[in-house]
Amino acid sequence: MQDIVVFSHSRTDGAYSSTAFSLAKALANKNRAFYIEQPLTRKDVIS
Amino acid sequence: MQNRRAVFTGKIGFHTHGKWPELLTVITLPTFLPINFLPESKLYRLINRLNEQLLWKALRTVLRRYRLQHWVFLNVYYPYTGFEFPEDLQPLLKCYYSVDDISQESYTAKHGVMGEKRMAEIYDFVLTTSKVLYQKMIAVSPHAYWLPNAADVTLFSRAAVWKLPRPHDMPPSDKPCAVYIGNIDTARNDFALLAELASRCSDINIVLIGLLTSPIEADAVGLHRLPNVFF
Chain C
1 MQDIVVFSHS RTDGAYSSTA FSLAKALANK NRAFYIEQPL TRKDVIS
Chain Z
1001 MQNRRAVFTG KIGFHTHGKW PELLTVITLP TFLPINFLPE SKLYRLINRL
1051 NEQLLWKALR TVLRRYRLQH WVFLNVYYPY TGFEFPEDLQ PLLKCYYSVD
1101 DISQESYTAK HGVMGEKRMA EIYDFVLTTS KVLYQKMIAV SPHAYWLPNA
1151 ADVTLFSRAA VWKLPRPHDM PPSDKPCAVY IGNIDTARND FALLAELASR
1201 CSDINIVLIG LLTSPIEADA VGLHRLPNVF F
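Going down the list, the sequences are from chains C and Z. With the first letter of the first sequence counted as 1, position 23 gets the number 23 in my numbering; the numbers rise by one all the way through. With the first letter of the second sequence counted as 1, position 39 gets the number 1039 in my numbering; the numbers rise by one all the way through.
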């Protein structure tokens, strides 16, 4: 089992489906996976 | 939305979910300072380093909280942050994954083109989703590999194997049907062209399946009012 940190351009609550998150989920079937979501600015959060 | 609220607290958020694999933890960073409007400059790099500190802080917290010792870092298409890792944050391997042509959209191209090149140079290896992206990356990194997107074959082959019921919101089958599946937005679709096509080809039905994320633009060209366009 490997520890893998994924830093992604997409979010788990975004409007678009995400290949990055799908990949993280697949990796987490046999590894510890940490998925760092795309950083947001305050403007992103409000809009 | 829960994750979005968490970023306002200024704290690093940790999330698990019953629908996700047990070994998966989602991490939400505090808000970054918006800097994409700035040109490439000392000021841009200075503020970007401040944003980068938030990533390093999150990584330190993950390493400490989950006792990570030997870990792999995979950056999926975020070539703006995460360049020079601090001494106490050294993964076994650093991988950059190029999933799209970053130069094709002005917003991402502005800092993404240079960031991607730099990342390919300093990371251990690069993955790409297409052969075109592979050709672009192999010119920068000798360790570039083509890793195409996967598909759930069992899910997608059902229509070929099973006789599935016709969805109730599909138009009648008396005309040929042109189907688009994907996000219905202006980044991927030319709505004016689509409206013109639907007007000229009234003998076919056009079915758009997906999330309508540009409803105002679609309405502006009258897509909703065309009798042979279905959402």
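The set of hints was computed from the structure by calculation and includes no laboratory data. Please note that the accuracy of each hint is not assured.
[Claimed, not checked] Under 10 angstroms between C-beta atoms, here's a sample of chain Z residues computed to sit facing chain C:
#	residue
1	L1074
2	A1220
3	H1224
4	L1226
5	N1228
6	F1230
[To be verified] Derived lysine-lysine pairs resembling BS3-like cross-links, with alpha carbons at most 30 angstroms apart:
#	chain 1	residue 1	chain 2	residue 2
7	Z	K1094	C	K30
8	Z	K1163	Z	K1175
9	C	K43	Z	K1110
10	C	K25	Z	K1175
11	Z	K1110	C	K30
None of the values given here were measured: they were computed from a predicted structure. The beta carbon of each residue, even a glycine, is placed where N, CA and C say it ideally should be.
Status of each hint after checking the structure:
1. With a cut of 10 angstroms, the hint placing L1074 of chain Z at the interface with chain C holds, because the nearest CB-to-CB distance is about 5 angstroms.
2. For A1220 of chain Z, the shortest C-beta to C-beta distance to chain C is roughly 20 angstroms, which exceeds 10 angstroms, and the interface hint is violated.
3. Given hint, H1224 of chain Z at the interface with chain C, is violated; its Cβ is 19 angstroms from that chain's nearest Cβ, farther than 10 angstroms.
4. Interface restraint check: L1226 of chain Z against chain C, minimum CB-CB distance 24 angstroms, threshold 10 angstroms, status violated.
5. Evaluation of the N1228 of chain Z hint against chain C yields a violated restraint, the C-beta minimum of about 27 angstroms exceeding 10 angstroms.
6. For F1230 of chain Z, the shortest C-beta to C-beta distance to chain C is roughly 21 angstroms, which exceeds 10 angstroms, and the interface hint is violated.
7. Distance check on the hinted pair: K1094 of chain Z and K30 of chain C sit about 19 angstroms apart at the alpha-carbon level, within 30 angstroms; holds.
8. For the hint pairing K1163 of chain Z with K1175 of chain Z, the CA-to-CA distance comes to about 20 angstroms; that is within 30 angstroms, so the pair holds.
9. For the suggested pair K43 of chain C and K1110 of chain Z, the alpha carbons sit about 19 angstroms apart, so the restraint of at most 30 angstroms is met.
10. Distance hint between K25 of chain C and K1175 of chain Z is unfulfilled; the C-alpha atoms sit about 41 angstroms from each other, more than 30 angstroms.
11. A hinted pair counts as satisfied when its Cα atoms are at most 30 angstroms apart, and K1110 of chain Z with K30 of chain C does not qualify at roughly 37 angstroms.
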